[in-house]
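Visitor: Sequence:
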Amino acid sequence: MDNCENGPYSLHRLLKHMALIFMLSFMLTACTFGIGNNTTTANPTSKASSITPTAQATATATPSIQLGKQTCPKAVSNASYWEPKIPTQAATSQVENIICANLMGRTTLQALISVRHKDSTHVLDLHLYDNITDPNPKEIFQLTGLYKGETRVSVYNTVLTSEVNKNSPQNQKLTATTMVNDLQREFKWSDGKQTLVPVTFPGLFPSTTRYQAEDDQQEVNQGREAWKLSATKMATTFVASPQLLGWHNGTKATIISGGGEKDVEAVVKVENSAPADKKTATITMTRLENNANGGIWIVTKASCDGLNIDSPEPQSLLKSPVTATGTGAAFEGVIGKIMVFDSHYNMLGTADVQGKQGNGNASFSTNITYTPTFKTGSEDGTLVLFSYSNADGSVTGIAIVKQLLS
Numbered sequence: 153m154d155n156c157e158n159g160p161y162s163l164h165r166l167l168k169h170m171a172l173i174f175m176l177s178f179m180l181t182a183c184t185f186g187i188g189n190n191t192t193t194a195n196p197t198s199k200a201s202s203i204t205p206t207a208q209a210t211a212t213a214t215p216s217i218q219l220g221k222q223t224c225p226k227a228v229s230n231a232s233y234w235e236p237k238i239p240t241q242a243a244t245s246q247v248e249n250i251i252c253a254n255l256m257g258r259t260t261l262q263a264l265i266s267v268r269h270k271d272s273t274h275v276l277d278l279h280l281y282d283n284i285t286d287p288n289p290k291e292i293f294q295l296t297g298l299y300k301g302e303t304r305v306s307v308y309n310t311v312l313t314s315e316v317n318k319n320s321p322q323n324q325k326l327t328a329t330t331m332v333n334d335l336q337r338e339f340k341w342s343d344g345k346q347t348l349v350p351v352t353f354p355g356l357f358p359s360t361t362r363y364q365a366e367d368d369q370q371e372v373n374q375g376r377e378a379w380k381l382s383a384t385k386m387a388t389t390f391v392a393s394p395q396l397l398g399w400h401n402g403t404k405a406t407i408i409s410g411g412g413e414k415d416v417e418a419v420v421k422v423e424n425s426a427p428a429d430k431k432t433a434t435i436t437m438t439r440l441e442n443n444a445n446g447g448i449w450i451v452t453k454a455s456c457d458g459l460n461i462d463s464p465e466p467q468s469l470l471k472s473p474v475t476a477t478g479t480g481a482a483f484e485g486v487i488g489k490i491m492v493f494d495s496h497y498n499m500l501g502t503a504d505v506q507g508k509q510g511n512g513n514a515s516f517s518t519n520i521t522y523t524p525t526f527k528t529g530s531e532d533g534t535l536v537l538f539s540y541s542n543a544d545g546s547v548t549g550i551a552i553v554k555q556l557l558s
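Plus 152 on top of the position in the sequence shown (first one is 1) and you've got the numbering used here.
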């Protein structure tokens with residue numbers, strides 16, 4: 153009887169205990185696998201969930217300097233933001249373009265503002281600002297009065313400009329409406345001067361400025377002027393130029409190094425078997441922007457044995473008159489002529505070069521006076537030393553140095 157009487161009670165109590173144990177077990181399991189708990193320390197998937205902070209770290213990674221034109225912050229991307237700050241005059245000028253880039257060599261963006269004048273000259277003014285999202289951004293560079301001016305930012309984070317030089321030989325023959333943009337310049341940030349300063353492009357041919365070279369590259373990209381992709385054709389075209397060596401018939405080009413489809417450098421020897429003299433020149437070139445995928449060749453050096461310009465150093469800022477020193481082969485005291493050219497190989501000045509010894513290899517020091525056609529700044533140019541044949545007066549040798557002319 154007692155067993156029968158106690159059985160239901162014991163069974164009831166046992167069931168309650170089992171239910172309690174089951175509930176405790178379920179709660180423990182839930183805690184172990186993160187169910188209903190935001191804590192990740194006990195979560196077996198915590199390694200996977202650690203991807204989230206990594207993604208956040210990527211999104212907020214330390215900023216880096218980017219090359220070329222960048223997207224402007226939305227707040228400063230409209231002309232209406234800049235017009236009162238410059239300021240423009242609604243009746244006579246307006247903001248035409250806004251370019252943001254890392255122009256100061258820092259991770260913060262600067263804004264290059266183009267202001268176009270509303271008259272027949274279409275003059276362009278440039279204003280460069282730092283701290284562009286501040287209520288009062290700081291103007292750090294200004295360039296005004298670019299006749300029919302254009303501007304852009306290079307992949308080297310330099311400012312490129314193009315404008316009409318009204319005094320150039322090619323524009324002096326044209327009317328104001330037909331004048332062409334023939335003056336291209338480049339400006340780079342200087343930490344020392346805390347502004348943009350003019351710099352030279354190392355190219356000698358076929359482009360003497362980066363602006364021209366970028367335009368030439370676009371022509372080639374569109375299927376035109378494919379010869380600019382051939383190192384040998386570039387070398388023979390260079391020596392054939394009438395402003396330079398003028399070698400046409402009997403010219404042979406041989407690649408000394410590089411020059412292949414995927415090479416970014418080339419050295420080419422060019423020989424000209426003229427009736428009077430056999431002449432040789434070594435042409436050094438690189439691909440624009442070191443682009444091995446279709447970059448055009450740019451001549452950066454041309455030399456002939458025994459002919460050298462030692463000073464001024466390449467890419468110096470020259471002011472007339474300039475003293476040039478170097479060496480060359482003299483005949484009865486004469487080495488040749490030295491000339492100053494602008495970026496289109498218009499001659500701006502010339503001088504005879506006399507050796508310090510009468511015959512043979514001789515050093516020289518010569519003063520050259522030149523007259524730049526651009527009066528309100530500097531421009532790319534070249535200093536070129538020529539030697540000539542005693543038999544027929546043809547050019548037998550060249551030494552050429554890129555310079556900045558003022």
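Keep in mind that the hints were calculated from the coordinates and are not lab data.
One thing to keep in mind: the hints can contain errors.
Subject to a maximum C-alpha distance of 25 Å in a straight line, what follows is the list of computed BS3-like cross-link-like pairs (lysine-lysine) [to be verified]:
hint, residue 1, residue 2
1, Lys414, Lys489
2, Lys385, Lys414
3, Lys385, Lys221
Restraint-style ranges between C-beta atoms, simulated for each label pair [said to hold, decoys possible]:
hint, residue 1, residue 2, range
4, Glu465, Lys421, 23 to 33 Å
5, Gly458, Pro354, 36 to 46 Å
6, Ser409, Val349, 28 to 38 Å
7, Lys508, Gln324, 17 to 27 Å
These figures come from a predicted structure and were not determined experimentally.
Ideal placement from N, C-alpha and C gives every residue a C-beta, glycine not left out.
Visitor: Run the structure past the numbered hints and jot down the numbers of the failing ones, going up.
Guide: Violated hints: 1, 3, 5, 7; rest satisfied.
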